[in-house]
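> These are the residues of each chain, in order.
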Amino acid sequence: AQSVTQLDSHVSVSEGTPVLLRCNYSSSYSPSLFWYVQHPNKGLQLLLKYTSAATLVKGINGFEAEFKKSETSFHLTKPSAHMSDAAEYFCVGYVSGGYNKLIFGAGTRLAVHP
Amino acid sequence: GAGVSQSPSNKVTEKGKDVELRCDPISGHTALYWYRQRLGQGLEFLIYFQGNSAPDKSGLPSDRFSAERTGESVSTLTIQRTQQEDSAVYLCASSFAGGHTGELFFGEGSRLTVL
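Respectively, the protein sequence lines represent chains A and B.
All residue numbers for the first sequence refer to this note's numbering, where the first residue is 8 and numbers rise by one.
All residue numbers for the second sequence refer to this note's numbering, where the first residue is 46 and numbers rise by one.
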């Protein structure tokens, strides 16, 4: 079965320090992987996506993620957190084989402290 | 408008009543998805439309839930005889094609509270 696991439900960082949000996937095939962000009372917005091109993917707002097949990981990073980064982040995988369906991780809530 | 529009944004209903939630996707988007997000939890897939057909309804929790779509336009999610466990935010998303090739564009959701 294909699945996406976000390893931390909550992450707290200080403003200006690095951010690391961890995601592992399980898939029989090379997946398409995405990170989405959800600010309070807002819809989800795509941060970045991996679709088997470059393994290091750059997204909006200074975020990037690296696809590591050997580790089955797609961790999201940012060198320096900003207060406006506080939100819920979802790692998402594409399930192949017939229907187009995305599998969402449970989410990681990022808190940024002054 | 330019984005995915959902209505109502908030709905409070009594247990046992029926509710209808509406989604207006971005014009030209053939794929449409419904998700449910319970408080503090991730997104739960409900149903996927390609055009006006639904090749994947596997996420609908029970036969109280149904959805339809008119052409490549508006979709309606109907919940009959609502229960308290139906309380959640219902999110709609659309895309040009299937999710693996393109970005999903999400609406801001319809928050349902069943008393």
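It should be emphasised that the hints constitute simulated quantities derived from the structure, not laboratory data.
Among the hints, erroneous ones may be present.
Using 20 Å as the maximum straight-line C-alpha spacing, the simulated EDC-like pairs for lysine to aspartate or glutamate come out as follows [to be verified]:
1. A:Lys49 <-> A:Asp92
2. A:Lys49 <-> B:Glu117
3. A:Lys49 <-> B:Glu59
4. A:Lys75 <-> A:Asp92
5. A:Lys65 <-> B:Glu148
6. A:Lys56 <-> B:Glu148
7. A:Lys49 <-> B:Glu148
> Holds or violated: are the alpha carbons of Lys56 (chain A) and Glu148 (chain B) at most 20 Å from each other?
Cα-Cα ~8 Å, so holds.
> Checking one constraint from the list: CA of Lys75 (chain A) to CA of Asp92 (chain A), max 20 Å. Satisfied?
violated (24 Å)
> Would you mind confirming whether the straight-line C-alpha gap from Lys49 (chain A) to Asp92 (chain A) stays at or under 20 Å?
Given that 20 Å is the threshold and the Cα spacing comes to 14 Å, the pair holds.
> Going straight from one Cα to the other, do Lys65 (chain A) and Glu148 (chain B) come out at no more than 20 Å?
Holds, because 15 Å separates the two Cα atoms, which is no more than 20 Å.
> Within 20 Å, alpha carbon to alpha carbon, are Lys49 (chain A) and Glu59 (chain B)?
violated (25 Å)
> Check whether the Cα positions of Lys49 (chain A) and Glu117 (chain B) lie no farther apart than 20 Å.
violated (24 Å)
> Is Lys49 (chain A) within 20 Å of Glu148 (chain B), Cα to Cα?
holds (17 Å)
Going down the numbered hints, you'll see the structure goes against 2, 3 and 4, while the others check out.
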